[in-house]
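Engineer: Read off the chains here:
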Amino acid sequence: MEEFAALLDALVYTRSRNAKLKLLADYLRSTPDPDRGWALAALTDGLDFPAVKSATIRNLLTERIDPVLWTLSREYVGDSAETASLLWPEPPNAPSPPTVAEAVDALSRMTRATVMSDLPKLLDRLDANGRYALLKLATGAMRIGISARLAKTAFAQAFDVAVEDVEEHWHGQSAPYTPLFDWAAHGGEAPNSDDLPLFRPFMLAHGLEDTQLDLTHYAAEWKWDGIRVQVVRAGGETRVYSRSGDDISGSFPEIAEALQIDAVLDGELLVRGVHQGGEEGGAASFNALQQRLGRKTVSRKMREEYPAFVRLYDVLILEGQDLRALPWTERRGALEALVPRLDPIRFDISAVIPAADFAELTTIRSRARDDAIEGVMLKRRDSPYVAGRKTGLWYKWKRDPLLVDCVLMYAQRGSGKRSSFYSDYTFGCWDGDPDAGAELLPVGKAYFGFTDEELKWLDRHVRTHTVNRFGPVRETDKSLVFEVAFDSVHASKRHKSGVAMRFPRINRIRADKPAHEADRMDALKALIRD
Amino acid sequence: MARDFSWIRPEPWGIHVVPADCWIDPSRPVDRALVTHGHADHARGGHGHTFATPATLAIMKLRYATDEGAVPTPYGKRLALGGGVYATWIPAGHVLGSAQILLERAGERVVVTGDFKRRPDPTCPPFEVTACDVLITEATFGLPVFRHPPIEQEIAKLLNARAANPQRCVLVGAYALGKAQRLIAELRRAGHADTIWLHGAMERMCRLYEDWGIDLGPLRLMSDAAKGELAGSIVVAPPSALNDRWSRRLPDPITAMASGWMQVRQRARQRMVELPLIISDHADWDELTQTVIDVNPAETWITHGREEAMLRWCELNQRKAKALALVGYEDEDD
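Line order of the protein sequences matches chains B and F.
Going by our numbering, the first sequence opens with residue 194, and the numbers climb by one from there.
Going by our numbering, the second sequence opens with residue 157, and the numbers climb by one from there.
Treat the hints as calculated values from the structure; they're not laboratory data.
Please note: incorrect hints may appear among the correct ones.
Example chain B residues on the side facing chain F (calculated, C-beta under 10 Å, incomplete) [what the hints assert, rightly or not]:
1) T207
2) I258
3) V261
4) R267
5) L280
6) E283
7) W650
8) D652
9) H654
10) R656
11) R662
12) F663
13) P665
14) I721
What follows is a list of derived Cβ distance ranges for each label pair [what the hints assert, rightly or not]:
15) B/D624 x F/R275: 36 to 44 Å
16) B/E632 x F/R275: 50 to 58 Å
17) F/A387 x B/R560: 53 to 61 Å
Note that beta-carbon positions come from the ideal geometry of N, C-alpha and C, so glycine has one too.
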């Protein structure tokens, strides 16, 4: 438990992704089974102990210290587990910490009837950092910025195995993942996962930059502006996974219910655009889909108002046959043969664009008016389905970004390497004629799109043009114009300006342009296509 | 005889000793100020007369470049202030020169602790428990979550981080008066003999400590360092310099901060600290409550900090207490 507590603390104070990976990998390598597996599960939110909840901690503490002092402390610290770890009376004996596995075992045996007497016994064996780690592990609220993806990458790094293989084998396993460690650390056999609805790592594309491709070798299809998903059915169960491998079946039950054939399908999750400005029965813009994202449960009204469907790109596995090694043309054939067998309300196929050559494709792409189209995909006809981003196989060719000239309003310091630089910029557009007293309304925030040299210049600009300070934020004198690029803009009630940009970035610094010539809100609003 | 101690009147800008017309640590200029210690929020400039220990006066002279109106009051010397009031400066264990002030009038005794701690500090004499009727105490860390660990443990954390990263340097944010010198003295006590590098703002105060007989070992200014000389070293800077441009020339620094606030993880994260060192020159919760028990006053008045929890503790322990609403004391960086 001390090692786990030390890891947790180090992760809390580490901001750089690489440093986090190293900490995790070192821990996984040096910690024996099954502790490392339990720790991994705890860090990726995989543990649940029904008898231990945040309220349990409060009750336990207010038996020992005055409730008013507890409340004052809790309010100040802002975290129940941390407050309790600091307030817990130091045990009279030297700590004799349990292993993570012992702690997990003890926690899982606790019931509502026994937790008030058994949890103190564990807490008495630990110091303050150990108590913090134990309570965090017990209540499952780590919140230290370790995504499942980061944990898998660290695992791969620890044992020098491919992260794609880790992804593939991970999903069938449950904590403490001993077969997974046997395979990665000791060269054991890979865990078998045929009969489980597991996530398979996605094949990804490189951006197409200034290259012309020969369409005899590459097929073109539309790239849709939804979220990439994988729909998997095996062993009588169906799951919908997001690009990061998170199970989002709960948010889109109609998709999970609709697939009745054992398969692993790759596609774009979209909602039908009846009233969202898209063509009748077609796909709506991303903004419509956004209404459905991030929900644990979905009301019937939601399902009716924003009906989801998947536009299929590829088939990885079909009725027990792994098709991933086959060329794209053969998988495409299998997919085209499969689609008529699927529920047409929930599944269709992303059409291949009939372009004779690259010039024609360029023309077709520039004429595309459908707002659900994000660009064009180019897939090498003989490409197998391989995890990750392999050069030369798949390319994405996004629609040209939208551009607008904005004025820098506020800047905030970045983190990690950028912690001394003002690198996060909030910019705005005029709400009328600036020469007639119009004001700037903040329309977006961006922290990339510039070079290191430009960052130094921008940092200096912010420091020498500051008019106000609010904690880590500086307000500037609104003299600098940015050409901001973004993928789309949507109406938003949550923003003061009434608009929200998607993927804004600094395209160019327009130090040459006077601020009053920057764009007005009308120009930005005219680009809304909800 | 009902005692109301009305000759001591707390006002928002300081504690007024009415019969002698003196003010303790006033936050605005007055004719006669009684100063507990040299931190800028307690020792402001511009008073007609400033009564303080010789070390505190030296610190103030360094800061304000004048010692006009300075009246030295060595520890233990009983001074008649007029109006039947006597004042004695007593070690508080906070920083060099820091004192509690004992006020006596007609058999009544009032102790103003100023800022204090109970733990040993190689840079100043230890806190002395002084019996009194009214204890006017600080409560900067007046919450039961604050329990400062032994300083040896925190110094070991710092030295371990340095040893584990020979290509990097450890940049420690520490208050320029008191914290920085205590940190350096404790590093020396732990056997660290290498040059410690200073931010320019630290230098004069460190020299002053040395003039007062506190050995800080080899110190050099960061601005004098040759390229590559800082790898594997410890650099001490004021907290405000940690994430500023100044730190850019350091070799991939590990950002540390020596402060009692580092006990709370989110506070450390907000300061972008990678290596939090829980080192405080204030009393923690156990020291605060133990001091009330040791001094055993008839009344406890609480000046600044988290006074609600201290009030509650006094209530639970059947001790008469009240909170004073003083303004102008800062505790952010300690």
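Engineer: Taking the hints in turn, state whether each one holds.
Structural biologist: Checked hints:
At a threshold of 10 Å, the smallest CB-CB gap from B/T207 to chain F is about 7 Å, leaving the interface hint in force. The interface hint given for B/I258 holds, since its Cβ lies 7 Å from the closest Cβ of chain F, which is under the 10 Å cut-off. For the restraint placing B/V261 at the interface with chain F, the shortest Cβ-Cβ distance is roughly 5 Å, inside the 10 Å limit, so the hint holds. Taking 10 Å as the C-beta contact cut-off toward chain F, the hint placing B/R267 at the interface holds, the least distance being around 9 Å.
Hint status for B/L280 relative to chain F: holds, with the closest Cβ pair at about 6 Å, below 10 Å. The interface hint given for B/E283 holds, since its Cβ lies 8 Å from the closest Cβ of chain F, which is under the 10 Å cut-off. Given the 10 Å rule on beta carbons, the hint for B/W650 is violated: about 14 Å separates it from the nearest Cβ of chain F. Using the Cβ-Cβ criterion of 10 Å, the hint placing B/D652 at the interface with chain F is satisfied: the shortest such distance is roughly 8 Å.
For the restraint placing B/H654 at the interface with chain F, the shortest Cβ-Cβ distance is roughly 14 Å, beyond the 10 Å limit, so the hint is violated. Interface restraint check for B/R656: the shortest CB-CB distance to chain F comes to about 8 Å, inside 10 Å, so the restraint holds. Residue-level restraint check for B/R662 is violated (minimum Cβ-Cβ distance to chain F is 13 Å; threshold 10 Å). With 10 Å as the threshold, the beta carbon of B/F663 stays out of range of chain F, its nearest partner Cβ sitting at about 15 Å, so the hint is violated.
Proximity of B/P665 to chain F holds as hinted, the smallest CB-CB distance being about 9 Å (cut-off 10 Å). A least Cβ separation of about 37 Å between B/I721 and chain F goes past the 10 Å threshold, and the interface hint is therefore violated. Distance hint check: the CB atoms of B/D624 and F/R275 are about 58 Å apart, inconsistent with the given range 36 to 44 Å. A hinted range of 50 to 58 Å holds for the C-beta pair B/E632 and F/R275, which are about 55 Å apart.
At roughly 59 Å, the beta-carbon separation of F/A387 and B/R560 lies within the given 53 to 61 Å, and the hint holds.
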